[in-house]
Amino acid sequence: MTQRVVIVPCSGIGKSYGTVAREGAFRVTEDLRPDTTQLIPLSLLVLGDEQARADVAGAQAITIDGCKLACATKMVAESGGQVARDPSASLRTSLVVLDVFRRHRDLKPQGVSELNEGGQQLAHALADEVATLVDQLTDSLPLTQRNGGRAGDGGDNA
Amino acid sequence: MGVTMPDLPKKKVGIVACSGEEMAEGAVTRLAALRVLEQLRPNETVTICLPLFLAGGEGDRAFARFYPTIAIDGCDKRCAARGTEMYSGKPAASIVVTEAIQTNHLGTARRLSETGMQAVDVVAEQVAQQVDELLGVTWDRKQGQPSKEAQPAEESEAKIATCSCGSGIPIQKVRVDSQEVTFIALPLIFEQFRDAGKLSGDGATAELMETVKVYNPIPDGQEAAYTQAVMREYAAFCQEKN
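Same order as they appear, the protein sequences are chains A and B. The working numbering puts the first residue of the first sequence at 272, with every later residue one more than the last. The working numbering puts the first residue of the second sequence at 900, with every later residue one more than the last.
Keep in mind that the hints were calculated from the coordinates and are not lab data.
Cβ-to-Cβ under 8 angstroms is the rule here; a few derived chain B residues that face chain A:
{"id": "1", "residue": "ALA932"}
{"id": "2", "residue": "LEU933"}
{"id": "3", "residue": "ALA954"}
{"id": "4", "residue": "CYS978"}
{"id": "5", "residue": "ARG981"}
{"id": "6", "residue": "ARG1009"}
Keeping only pairs whose Cα atoms sit at most 27 angstroms apart, straight-line, the calculated DSS-like set for lysine-lysine is:
{"id": "7", "chain 1": "B", "residue 1": "LYS1112", "chain 2": "B", "residue 2": "LYS1072"}
{"id": "8", "chain 1": "B", "residue 1": "LYS1097", "chain 2": "B", "residue 2": "LYS911"}
{"id": "9", "chain 1": "B", "residue 1": "LYS1112", "chain 2": "B", "residue 2": "LYS1097"}
{"id": "10", "chain 1": "B", "residue 1": "LYS989", "chain 2": "B", "residue 2": "LYS976"}
{"id": "11", "chain 1": "A", "residue 1": "LYS339", "chain 2": "B", "residue 2": "LYS911"}
{"id": "12", "chain 1": "B", "residue 1": "LYS911", "chain 2": "A", "residue 2": "LYS286"}
{"id": "13", "chain 1": "B", "residue 1": "LYS1097", "chain 2": "B", "residue 2": "LYS1072"}
{"id": "14", "chain 1": "B", "residue 1": "LYS1140", "chain 2": "B", "residue 2": "LYS1097"}
{"id": "15", "chain 1": "A", "residue 1": "LYS286", "chain 2": "B", "residue 2": "LYS976"}
{"id": "16", "chain 1": "B", "residue 1": "LYS1140", "chain 2": "B", "residue 2": "LYS1072"}
{"id": "17", "chain 1": "A", "residue 1": "LYS339", "chain 2": "A", "residue 2": "LYS286"}
{"id": "18", "chain 1": "A", "residue 1": "LYS286", "chain 2": "B", "residue 2": "LYS989"}
{"id": "19", "chain 1": "B", "residue 1": "LYS1112", "chain 2": "B", "residue 2": "LYS1140"}
{"id": "20", "chain 1": "A", "residue 1": "LYS339", "chain 2": "B", "residue 2": "LYS1072"}
{"id": "21", "chain 1": "B", "residue 1": "LYS989", "chain 2": "B", "residue 2": "LYS1112"}
Quick caveat, the model's predicted, so the values are computed rather than measured. The beta-carbon is built from N, C-alpha and C at its ideal position, and this holds for glycine as well.
Isolated chain B (complex conformation) (with noise of 0.2 angstroms):
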């Protein structure tokens, strides 16, 4: 049996970039990170604000758990690869411009020398081939596309930065035992599964469960309670709907 993914997350990869206004590789990461999302891979990627983890709600502090995530650090610093792991959840991948790249002439945070550019250019087609990777997408280069064989990307979406400033994560929180527990994702579960026509009490768990699992640890020996808790939230969220 196959899980059944809500439609937002599995195909789009978080770009998190330090974005530090004190030094040129500051401003290496932050366009880099654009270059991907507006050009390289605009139908993959999105983008949160790193001091978002802090400002803004349990959604978005639930990015790194929802998306499989690229941190772009300045230097080894790497606020942004620690700010995600400490606030949200570990990146898949990390790349730090101090590392990618050796010289001191990228001209400065406000204005990037030529040499600064290039090398925005350098670290864009590095976290590209990260994306890539954590897709499982193999990139045709002369087309500038997927190759055939892989899954295409959808299209529709405008090529412009996605920042999700105010939009978060979907979350609920359920009543598990005696304890609250923030679910990742369970809304957007639920009205999927109620769209496919799946309702509850219509051996749906099992299939729901396994959705659930994929954004949300079960902690071991608590299963049964877990799955309680989440199908009881689930049919009052169908007697809601009807």
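Only chain A is shown next, with the shape it has when bound in the complex (with noise of 0.2 angstroms):
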């Protein structure tokens, strides 16, 4: 049995923060790394919905969510899936947009329909912290639970 990384972006659409969570979200799963993590839109754990359920419970999931809200983490909680929230914890794998703009507060990110450059850059950097994550769950998981490998590897790192 294979079990993909889940990977649950913040759905907010009034702040930039939640933009670039989504376009961050995307890049991993579509360009970095495809074989190895699952995106899963948080309207349906909202609403519920089995499947998604199902993808998430038992799964190793990272978060990323848009504010202090922290809607993808709590759902994904609610949901069944693992993400390790504690700042003291090993391995996070909670993140929050903020935090990762902390870390590189040049890249401002403007516009909510479109990122602005600096938006687009920040996305890249923060899509860059989750594959990093998403390789060191995917080498902590058992062989039979791996699938495969660093196929997705080749992505322009900007």
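Take the two lone chains and join them into the complex the hints point to.
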């Protein structure tokens, strides 16, 4: 049985950070680690969609929240996903876009429908962090649960 | 006697988009919502993220009881409409992209095609029309603004999407008989009545309760108990402010 790392981004539509979260998630699941990750839409979890909950339940999850309300992290935890949110955790898998921005203060995101250049680059930086986490998580999985190795490598790491 | 409305709620329509990241139609809902919020009806609309109904507090969950809402869904799972109804209140209107747009060439969830962007325009226009209907506004399409006989929209607000993250709807828990009841907008209503000089014990009871009832259904046979509880809280509110 293969088990991908579940990526759940904020689905906010009112702030730039939500757009950065979504764009970063797309980049990981489509460009950087397409074979070892799976994007789960938050709206399906809110509704308790059986397939979405089954995908999340028991899976290693990385959440990307746009604000401190942490909707993605709360929903994944409620759906039975494994997400480490304690700052003292050895491998924290609950990310907040604002924290990533604090590490890249030159990349100020603007725009919601369409991110500015800074926002795009911040999404890339976020995606790189997530991809690193994915690698660490998949390395910790038993061999029988890994899926496809790193075939997704090769995206341009801006 | 007219009902005194708090300033915030009645003039806005809430937009809830499914924003589903697994399909192009989800991107259409998100961008159509933003088009309405930022360009078409910026002064008449506000939004909330769907997950906030679960992750937020009671104030956030009161969103659809406070604003008439329009749910925009990408597919017939109707996450936005069902989620809004399940956790907040029944949407006043609902639009499903797969029903409104008959094409499979919208692009991807990450990047919409030209056809996808046209779909955004179509859905956004439908939502804007629904906003007008809910607010009773006749829109002058030539002028791009409400027609003269309609009530003018408030100006002075920035034309960016306004979401309610963290702001929530003001609520207050009140003990009615032996039960704790959550009243929506009560702090706002109290403040408005007090600012208008309509003080507790000054004949304001009927008007205040009419306003309270706009947002808070009162069960049959419990009007007296609710009135007594609300006026008790209003007296305490006025006393505290003095």
